[in-house]
Amino acid sequence: MPRSSTSPHRLLKDRGKADNRTGNPLRRRALILSFMCAGAFISIMTQLIRIGAQDDQIVQLSMARTLGGSLARPDIVDRNGRLLATDISMPSLFADPARILDEDEVSEKISAVFPGLKAASIRKKLGNKRRRFVWLKRGISPALAQKVHDLGLPGLGFRNELRRIYPAGQMAGHILGFVNVDNRGMTGVERYIDEEVGVALVQGPGARDKLPVRLTLDLKVQYALRDEISKGAKLYGAKAAAGIVLDANSGDVLAMTSLPDFDSNRPSGSLEKAHMDRMTQGIFELGSVFKAQTVAMILDSGVGDLKSTYDARNAVKIGVHEIDDFHGRRRRLTLEEVFLYSSNLGAAQMGMDLGKTRMMEYFRQFGLMTPLKTEIGRSASPRLPKHWGEAEVMTTAFGHGMAVTPLQYAASSVALVNGGFYVPPRFVLTDEPATAGGRKRILKRSTSDIIRSLMRANVVGRPGTGRRADVPGYNVGGKTGTAEMPGRNGYDKRRVIASFVGAFPMEAPRYLTYVLLFEPQPSDETKGKITAGINAAPLTARIISRIAPLLKVLPQS
Amino acid sequence: MRKAIILILMVGCIGAAFWLYKLKFDTRRVELRVQQLDHLIEKAENDIAVLRAEWNFLTRPERVELLAKKHLRMKPAGSDQYRTLLDLERAGGAAAPAVRK
Chain A
1 MPRSSTSPHR LLKDRGKADN RTGNPLRRRA LILSFMCAGA FISIMTQLIR
51 IGAQDDQIVQ LSMARTLGGS LARPDIVDRN GRLLATDISM PSLFADPARI
101 LDEDEVSEKI SAVFPGLKAA SIRKKLGNKR RRFVWLKRGI SPALAQKVHD
151 LGLPGLGFRN ELRRIYPAGQ MAGHILGFVN VDNRGMTGVE RYIDEEVGVA
201 LVQGPGARDK LPVRLTLDLK VQYALRDEIS KGAKLYGAKA AAGIVLDANS
251 GDVLAMTSLP DFDSNRPSGS LEKAHMDRMT QGIFELGSVF KAQTVAMILD
301 SGVGDLKSTY DARNAVKIGV HEIDDFHGRR RRLTLEEVFL YSSNLGAAQM
351 GMDLGKTRMM EYFRQFGLMT PLKTEIGRSA SPRLPKHWGE AEVMTTAFGH
401 GMAVTPLQYA ASSVALVNGG FYVPPRFVLT DEPATAGGRK RILKRSTSDI
451 IRSLMRANVV GRPGTGRRAD VPGYNVGGKT GTAEMPGRNG YDKRRVIASF
501 VGAFPMEAPR YLTYVLLFEP QPSDETKGKI TAGINAAPLT ARIISRIAPL
551 LKVLPQS
Chain B
558 MRKAIILILM VGCIGAAFWL YKLKFDTRRV ELRVQQLDHL IEKAENDIAV
608 LRAEWNFLTR PERVELLAKK HLRMKPAGSD QYRTLLDLER AGGAAAPAVR
658 K
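So the protein lines, in turn, are chains A and B.
Per the working numbering, the very first residue in the first sequence carries number 1; after that it's consecutive.
Per the working numbering, the very first residue in the second sequence carries number 558; after that it's consecutive.
Think of the hints as simulated: they come from the structure by calculation, not from any bench.
Computed from a prediction, not measured in an experiment: that's the story for all the values here.
The beta-carbon is built from N, C-alpha and C at its ideal position, and this holds for glycine as well.
A few of these clues could be false.
Claimed, not checked - Mimicking SDA-like on lysine to any residue, the simulated pairs with C-alpha atoms at most 25 angstroms apart in a straight line are:
id : chain 1 : residue 1 : chain 2 : residue 2
1  : A       : Lys210    : B       : Leu629
2  : A       : Lys552    : B       : Leu629
3  : B       : Lys560    : A       : Ala40
4  : B       : Lys579    : A       : Thr46
Stated by the list, open to error - Which residues of chain B face chain A? A partial, calculated answer using Cβ under 7 angstroms:
id : residue
5  : Ala574
6  : Asn603
7  : Ala606
8  : Leu608
9  : Arg609
10 : Ala610
11 : Asn613
12 : Phe614
13 : Arg617
14 : Pro618
15 : Ser636
16 : Tyr639
Please build the complete structure, drawing on both the sequences and the hints.
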């Protein structure tokens with residue numbers, strides 16, 4: 001320290017000067033230093049007060065964070081933008097077994113909050129001390145989460161996860177499908193979203209910016225159809241019932257239902273056989289409704305025309321099968337009469353006239369030979385005759401010996417009324433024009449014209465079987481079918497599928513309906529009958545009178 | 558003179574330190590604010606989703622039908638209740654009241 005040696009001298013010298021002017025320099029420095037210290041402390045104090053006085057909102061909100069790893073799914077809306085499915089962030093309860101002090105206490109208290117959760121199963125989960133993370137309950141309401149929080153148990157925590165919610169509930173369970181506990185689509189449109197549209201892992205905001213998936217479904221029409229089908233099933237004592245409304249030109253499925261169905265919010269019942277989607281997963285011998293296709297094939301191939309006649313005098317026996325008419329006329333019938341009386345004998349002869357090769361080719365064109373693939377998944381495979389012999393050709397001509405899904409049948413019927421175009425049914429609305437994908441001409445326009453007039457004649461008056469399907473103003477046309485179900489000892493007369501395929505307005509059909517009642521029972525309402533003309537036909541009338549105004553179809557006066 | 562410079566530098570140094578500290582603190586506050594806003598956005602988005610689901614749940618056709626039956630004295634529209642403008646024209650100007658049977 002070189003300065004220290006000179007300091008006494010300098011100090012004395014400085015003191016002399018300083019004393020003359022501002023006083024003792026040591027005191028002055030001490031003063032400056034203390035001022036600086038005071039200043040520093042004051043600034044620290046003010047800062048502390050400022051921070052203390054501020055209402056800080058940073059501490060809360062930690063519970064509102066969404067867990068990274070949640071799957072964000074696009075919303076599903078109907079064709080008018082009504083919400084059918086959406087994601088909602090909900091707390092999920094987890095535990096860290098290593099930090100749990102008293103397993104018995106925790107499991108007792110938690111099971112008291114969630115009645116569905118058994119104390120024993122919680123104890124088992126918490127018993128494994130080597131694990132640091134186990135889910136206890138996923139997707140719980142904020143109120144219940146608060147209750148668990150208030151228990152104040154250590155080792156428990158919440159993470160927010162996205163959960164799928166279906167506001168329309170049970171309305172379209174079979175079409176929407178459902179997701180698993182990780183928000184992955186398992187069936188229906190939800191599965192289609194996983195496979196085709198894509199789901200994304202999320203963290204933070206902005207995950208909801210995805211465009212919704214727009215269905216062809218119209219929620220109002222869907223509700224009307226489901227409501228009427230449900231009432232109809234009750235009224236006619238049917239074990240199950242199903243129905244569909246198709247746009248006859250675009251193939252858009254506006255409504256489709258199969259009862260009993262399930263709620264996408266609670267999909268646990270969906271795997272039971274009774275809850276199966278009969279429209280796409282059940283295959284049935286649909287019976288006389290097939291005659292519309294048979295007559296169309298006859299006309300289109302030129303094998304017969306309106307003047308052709310068919311022998312319906314006597315029952316025909318082929319091998320073990322015996323073919324007869326329900327209401328035998330016992331005379332030769334014209335093509336029109338075969339359609340209107342729904343003559344099995346006539347149709348069987350048409351099948352023979354047509355021959356196996358042509359018949360199979362038309363069935364292929366109608367899309368009845370292969371499983372139908374739509375956005376809600378692959379439909380059940382049709383059951384075709386193993387060997388197309390004479391008997392098979394005759395029976396398939398009136399809808400027996402060949403089982404297809406009702407959706408498949410409805411899709412094939414669209415071609416009968418829309419001028420001859422096969423249009424694959426679709427459930428998801430896309431930007432591309434409806435006429436683009438897969439629409440192809442399979443019948444001549446003239447064939448479709450004749451079928452339309454036959455279907456209208458079948459409803460408009462005697463001797464038509466579909467008279468009860470008429471709705472004033474909407475010019476409904478259609479074909480009935482009462483198919484006996486195969487039982488243990490051949491076909492069972494008392495167990496039938498009564499169905500009605502209809503379209504309106506018949507001069508230029510815009511919509512096609514297909515309604516099925518499984519095993520309807522005779523009642524006073526039906527005068528003891530179980531045929532389609534007395535149950536499925538009036539049910540169709542009620543459906544059409546309800547949905548036509550919704551679909552903006554103006555009645556004709 | 559040298560002392561003055563030292564003093565100025567010292568004050569400047571301390572001032573800079575304070576300023577830096579303040580800046581750091583402000584940055585942290587802004588960062589936290591951003592995080593907070595992110596959470597609020599997420600919460601708001603979630604609230605909107607909940608409300609939208611709620612609204613669609615409450616306006617489901619099933620419930621609206623029940624409410625309409627209970628509170629409105631109206632029947633479903635029948636096919637005979639529709640008229641086009643052409644009908645009005647055909648019937649002449651006085652047709653308007655006749656339309657409502």
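Which of the numbered hints are not met once you compare them with the structure shown?
1, 5, 8
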